[in-house]
Amino acid sequence: MTRIVIVGGGTGGTVLANRLADKLAPDLKRGDVEVTLVNDGPDQVYKPTFLYVPFGEATVEEARHPIVDLVDRTVDFRVDRVTSIDTDAKRLSLQRDGALEYDYLVLATGANLAPDEVPGLVEGGHHFYGAAGAEKLRDALAEFEAGHLVLSVIGVPHMCPAAPVEFVMMADQWLRERGRREDVDITYTYPIQRIHGLEPVAEWAQPLFDERGIEAETFFNPESVDPDERVIETMEGTELDYDLLVAIPPHSGSPLVEEAGLGDGGWVAVDNRTLEAEHADDVYAIGDVADVATSKAGSVAHYQAGAVADRLASQARGQVPTAEYDGKTMCFVESGTDEAAFIEFSYERQPEPRDPNQFVHWGKLAYNEAYWLTARGLL
Amino acid sequence: MSESISPDVTVDSRGAACPGPLMDLIGKIKQADAGTVFELQTNDSSSSHDVPEWVEKAGHELLDVVEHGDGEYWSIFVETRE
Ligand SMILES: Cc1cc2nc3c(=O)[nH]c(=O)nc-3n(C[C@H](O)[C@H](O)[C@H](O)COP(=O)(O)OP(=O)(O)OC[C@H]3O[C@@H](n4cnc5c(N)ncnc54)[C@H](O)[C@@H]3O)c2cc1C
Numbered sequence: 001m002t003r004i005v006i007v008g009g010g011t012g013g014t015v016l017a018n019r020l021a022d023k024l025a026p027d028l029k030r031g032d033v034e035v036t037l038v039n040d041g042p043d044q045v046y047k048p049t050f051l052y053v054p055f056g057e058a059t060v061e062e063a064r065h066p067i068v069d070l071v072d073r074t075v076d077f078r079v080d081r082v083t084s085i086d087t088d089a090k091r092l093s094l095q096r097d098g099a100l101e102y103d104y105l106v107l108a109t110g111a112n113l114a115p116d117e118v119p120g121l122v123e124g125g126h127h128f129y130g131a132a133g134a135e136k137l138r139d140a141l142a143e144f145e146a147g148h149l150v151l152s153v154i155g156v157p158h159m160c161p162a163a164p165v166e167f168v169m170m171a172d173q174w175l176r177e178r179g180r181r182e183d184v185d186i187t188y189t190y191p192i193q194r195i196h197g198l199e200p201v202a203e204w205a206q207p208l209f210d211e212r213g214i215e216a217e218t219f220f221n222p223e224s225v226d227p228d229e230r231v232i233e234t235m236e237g238t239e240l241d242y243d244l245l246v247a248i249p250p251h252s253g254s255p256l257v258e259e260a261g262l263g264d265g266g267w268v269a270v271d272n273r274t275l276e277a278e279h280a281d282d283v284y285a286i287g288d289v290a291d292v293a294t295s296k297a298g299s300v301a302h303y304q305a306g307a308v309a310d311r312l313a314s315q316a317r318g319q320v321p322t323a324e325y326d327g328k329t330m331c332f333v334e335s336g337t338d339e340a341a342f343i344e345f346s347y348e349r350q351p352e353p354r355d356p357n358q359f360v361h362w363g364k365l366a367y368n369e370a371y372w373l374t375a376r377g378l379l
Numbered sequence: 001m002s003e004s005i006s007p008d009v010t011v012d013s014r015g016a017a018c019p020g021p022l023m024d025l026i027g028k029i030k031q032a033d034a035g036t037v038f039e040l041q042t043n044d045s046s047s048s049h050d051v052p053e054w055v056e057k058a059g060h061e062l063l064d065v066v067e068h069g070d071g072e073y074w075s076i077f078v079e080t081r082e
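Residue numbers (the numbering used here), protein chains in the order written: chain C, 1 to 379; chain Y, 1 to 82.
Derived from the structure by calculation, the hints contain no laboratory data. No false leads were slipped in.
20 Å max Cα-Cα, derived DMTMM-like pairs, lysine to aspartate or glutamate: (1) Y:K30 to C:E236; (2) C:K328 to C:D310; (3) Y:K57 to C:E223.
Turn these sequences into a full structure, and let the hints steer you where they fit.
See below:
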């Protein structure tokens with residue numbers, strides 16, 4: 001029997017489990033294959049919802065869904081935490097329930113936030129990258145009448161490269177609608193010499209920032225934050241005062257990965273196309289934890305899950321796997337609270353952002369609503 | 001000139017697209033003492049321009065930029081300052 005174990009029941013792990021259940025249905029039924037999904041909690045958290053929480057347009061409860069309702073019944077779903085990986089013995093240690101052996105392992109553990117890497121950031125800054133942070137920011141924003149709002153992108157790579165750009169444009173409009181925009185200055189900071197890593201996105205967003213009076217500081221890498229004086233100090237030797245700081249904190253991968261020697265910083269070193277781990281046999285990584293040359297986005301996890309499902313289905317049947325991931329990435333980018341643009345790109349193809357419109361905005365909201373159907377494999 | 005530079009730290013960012021190489025270098029420089037010599041390897045041509053620009057802005061010293069092969073990859077040598 002071929003044992004496939006997936007660690008992480010987020011977007012990537014869930015889509016993969018369901019694709020395997022579909023592709024290997026007869027094999028699973030005969031007992032030739034077993035698919036196990038391990039997640040360290042009973043629920044999946046759909047993070048894109050958090051962007052809307054600070055503006056009171058969504059609640060953190062809406063971002064949660066029980067995983068048992070999302071995965072096919074032929075998948076053995078376990079709530080447990082993987083505490084170590086032995087790639088030689090092909091065995092995982094679990095926090096609650098002993099060990100688990102595998103023939104093929106897929107890591108889909110996502111990304112973690114590491115705000116303590118920047119001294120003062122935890123005390124001085126807000127973020128909307130997790131449930132508690134998004135709620136705290138909602139309360140701070142509700143009380144923020146006037147002053148300097150700074151959005152600082154500290155972590156690159158970070159989840160969802162569009163989210164910081166979206167946040168400032170949504171904040172701009174939200175403040176306008178409340179008659180407070182004139183009393184608030186907005187500054188957006190980015191580590192490199194333009195406002196976004198992808199050149200076409202930077203070129204698309206810059207005029208929108210100019211139109212709306214959103215200032216940008218580039219080559220801006222915060223080294224520390226002084227929460228009492230409300231000042232950010234950078235590696236480049238500049239200082240910036242703020243009244244409300246919203247940061248995209250540094251990210252890290254999984255400690256499991258580092259300990260198992262699978263990659264630096266907790267990101268699994270993988271082949272960009274096959275998604276096979278470079279430092280171990282029969283190990284794959286998908287989603288945010290995989291170190292590939294594209295964004296950390298749910299759409300990436302989704303497409304990668306499709307490619308790895310095909311590869312594993314071939315391998316389980318003793319065939320040579322040929323499916324590959326071509327770098328396809330898709331993002332909706334909100335440019336206010338009622339307009340959005342759409343971008344799509346791959347390893348070979350640059351994105352071509354178009355003018356934002358209301359239709360795409362509704363498309364993004366509809367996608368977020370229908371997300372639970374895509375995770376289930378129904379869409 | 002580069003023949004004579006022996007870096008303390010080599011950062012291999014070949015295969016990563018912009019801004020990966022610059023961010024890799026920034027991450028490493030964050031943890032380094034002044035006077036550390038870095039070699040950043042990149043095959044992204046825009047990084048071969050952007051990285052020197054950042055080095056100057058951040059007040060470090062650009063020692064050399066060496067092209068290997070016909071644009072196959074670049075070695076960017078940087079010495080950190082206080
Ligand atoms: C504010 C925000 C907005 C975003 N907007 C978008 C968007 O509009 N479009 C888009 O495409 N993407 C967006 N993203 C990014 C997207 O959410 C992530 O890229 C996506 O969730 C990655 O999926 P994943 O499966 O790799 O990881 P996750 O979905 O993070 O899932 C990982 C799972 O693994 C579990 N886990 C971790 N370690 C262990 C362990 N040791 N044992 C067991 N389980 C473990 C975790 O608990 C979690 O359930 C956004 C992200 C944020 C923060």
